[in-house]
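Peer 1: One letter stands for each residue in the lines below.
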Amino acid sequence: MNSIVKYTIIGIATLIIQLLICEFVNIWPPLYIAVFPLFILMLPNDFKPVLLMITAFVAGLLIDSLSDGLLGLNATSLTAIAFFKHSFIKGLARYESGSGAQDVNSKHLGFQRFLTFLLLSYTVFFICYTMLDDFGSGSIVFLVIRLLVNIIVNIIIAIILEKLFFQRLMQ
Amino acid sequence: MKIPPLIYNAIGRFVLFVVLETAGVLMILNNGIVQRYRIFETIRSFQCFFWERNTAIKDYTRLKDINASLIKQNAFLLKQNVLYRNCIQNSIAEGSFHGEINKIDRNASSVTDSTTIRLDSSMVMYDYQLAKVIKNSLNTEHNYLIIDKGAKDGMSEDMGVITPIGVVGITRAVGADYTYVLSFLNNKQTISAKIGRSNIFGTLRWDHRSIYYAQLTEIPQHIKVRRGDTVFTSGYSTFYPANIPIGTAVSYRVVNGTHKQIKVRLMQNFKDLDYVIVVKHKHRHQIDSLSKFQPSYSKR
Chain A
1 MNSIVKYTII GIATLIIQLL ICEFVNIWPP LYIAVFPLFI LMLPNDFKPV
51 LLMITAFVAG LLIDSLSDGL LGLNATSLTA IAFFKHSFIK GLARYESGSG
101 AQDVNSKHLG FQRFLTFLLL SYTVFFICYT MLDDFGSGSI VFLVIRLLVN
151 IIVNIIIAII LEKLFFQRLM Q
Chain B
172 MKIPPLIYNA IGRFVLFVVL ETAGVLMILN NGIVQRYRIF ETIRSFQCFF
222 WERNTAIKDY TRLKDINASL IKQNAFLLKQ NVLYRNCIQN SIAEGSFHGE
272 INKIDRNASS VTDSTTIRLD SSMVMYDYQL AKVIKNSLNT EHNYLIIDKG
322 AKDGMSEDMG VITPIGVVGI TRAVGADYTY VLSFLNNKQT ISAKIGRSNI
372 FGTLRWDHRS IYYAQLTEIP QHIKVRRGDT VFTSGYSTFY PANIPIGTAV
422 SYRVVNGTHK QIKVRLMQNF KDLDYVIVVK HKHRHQIDSL SKFQPSYSKR
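Protein chains in written order, with this note's numbering: chain A, 1 to 171; chain B, 172 to 471.
Please note: incorrect hints may appear among the correct ones.
For each label pair, taking beta carbons as the anchor points, the in silico distance ranges come out as [stated by the list, open to error]:
| hint | chain 1 | residue 1 | chain 2 | residue 2 | range |
| --- | --- | --- | --- | --- | --- |
| 1 | B | N202 | A | S139 | 34 to 40 Å |
| 2 | B | Q218 | A | I17 | 41 to 47 Å |
| 3 | A | D68 | B | Q218 | 30 to 36 Å |
| 4 | A | I156 | B | F185 | 53 to 59 Å |
Output of the computed footprint for chain A on chain B, the stretches with three or more beta carbons under 8 Å from beta carbons of chain A [said to hold, decoys possible]:
| hint | stretch |
| --- | --- |
| 5 | 186-197 |
| 6 | 200-206 |
Calculated cross-link-like contacts (lysine to aspartate or glutamate; reagent style DMTMM-like; alpha-carbon spacing at most 25 Å) [stated by the list, open to error]:
| hint | chain 1 | residue 1 | chain 2 | residue 2 |
| --- | --- | --- | --- | --- |
| 7 | A | K90 | B | E192 |
| 8 | B | K306 | B | E265 |
| 9 | A | K48 | B | E192 |
| 10 | B | K451 | B | E212 |
| 11 | B | K250 | B | D324 |
| 12 | B | K243 | B | D348 |
Calculated from the structure, these hints are not laboratory results.
For every residue, glycine included, the Cβ atom is placed at its ideal position computed from N, Cα and C.
Just need the whole structure built from these sequences, with the hints factored in.
Peer 2: Put into structure tokens, the structure is as follows:
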């Protein structure tokens, strides 16, 4: 199967899952379970950054408009991780040109590096997300707690999803 | 100079990132009530910070204007004060003053009391006009001032020029836009003045030696004078309203064994003259023409 079609299908499926989570999973109001960022993060490293940012922005707008979220919130946060993704990867691992090893997963990067990559990316995502969502209306302590809870919970979910589905699907 | 493709791409990516983020934030601001409120609150607080600083600087540079405005207010209050005083004196003279004056209208054209007093505009004898001193000479025997009001502003000859704390002079020559004022610091100038609140009046003239002192002469010997007594305008002329403070008594001496000559320290420092008030007596011509009247007696 053509890789573009494959990624499109996986992307749409992830988008639907994200929308379903937004609609039906309400554990704690400040907690936002974000699975779509994992798709953006796990797209191969040779995916052009400009295209990645546009994809992230459009997908974010779709999530915002199709869920009952604030229009622009996911778009801004996803664009941020798309922008920083290549820098994080560059800092954590070195791909040799022509090796074909452009996949971003725990198998290629190593678990520790992958975990660090997730930690950095989700931190950027949730800093954008919580800051824009709160916009100074809550206390800083609450903002920090919310940020930490979201990062930890979402990294755990991301590791599980990566091991179970994304590692195989995105290869 | 050719930009390396790596830097070119990095700049391109960054520009796109900024554009997309800005678009996202604008969408949030358009759709989120809390976000919109918070961002505008933040912007407003920044604006207020700068407005406050700006106003502080403006206020500092506008101190002269503020001062002028205060003098204007003072002139208005002086006018009201005269109005009240005339009103009360008139009522006392008529025996109709029973209580306090309750109301005075804004343009000071009439004063009404709900019970007894009713005065029309003819009771208001003086009009006051603010003027700026353009030139002020202090070093000659015949000092003068030039003020920035002229015939266009209703100036005419023989109008009194005062400040809230003293007498400045009399208008002598009027141009279209400026007026020449004969300063009190001039050997040709005399003022009818009284000492304390007594109605004993004398002639006040500059002492020709210092811009801070004047001499009040022709005060009867029996009048007690104490150091610090205030000298006021008597009101016996059409130039100045009564009871404008001029100075305070410093010392006195008896001249020719007939009257006292009092050394008066002037309240108004002539070096600090920026703004003055020009006084116009509304019935001056009427009073002047009556003063010139010579009664003729027919022989029978």
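Peer 1: So, for every hint listed, does it hold in this structure?
Peer 2: A quick look at each hint next to the structure:
1. B:N202 with A:S139: 34 to 40 Å: violated (24 Å)
2. B:Q218 with A:I17: 41 to 47 Å: Distance hint for B:Q218, A:I17 holds at roughly 45 Å.
3. A:D68 with B:Q218: 30 to 36 Å: holds (34 Å)
4. A:I156 with B:F185: 53 to 59 Å: violated (32 Å)
5. 186-197: Result for this restraint: holds, n = 8.
6. 200-206: Contact hint for the stretch 200-206 of chain B vs chain A: holds, 5 residues under 8 Å.
7. A:K90 with B:E192: holds (23 Å)
8. B:K306 with B:E265: violated (46 Å)
9. A:K48 with B:E192: Within the cut-off at roughly 18 Å; holds.
10. B:K451 with B:E212: Violated. B:K451 to B:E212 sits at ~54 Å, over the 25 Å cutoff.
11. B:K250 with B:D324: Given pair B:K250, B:D324 holds - Cα atoms ~19 Å apart, limit 25 Å.
12. B:K243 with B:D348: Within the cut-off at roughly 19 Å; holds.
Of the numbered hints stated above, those contradicted by the structure are hints 1, 4, 8 and 10, listed in ascending order.
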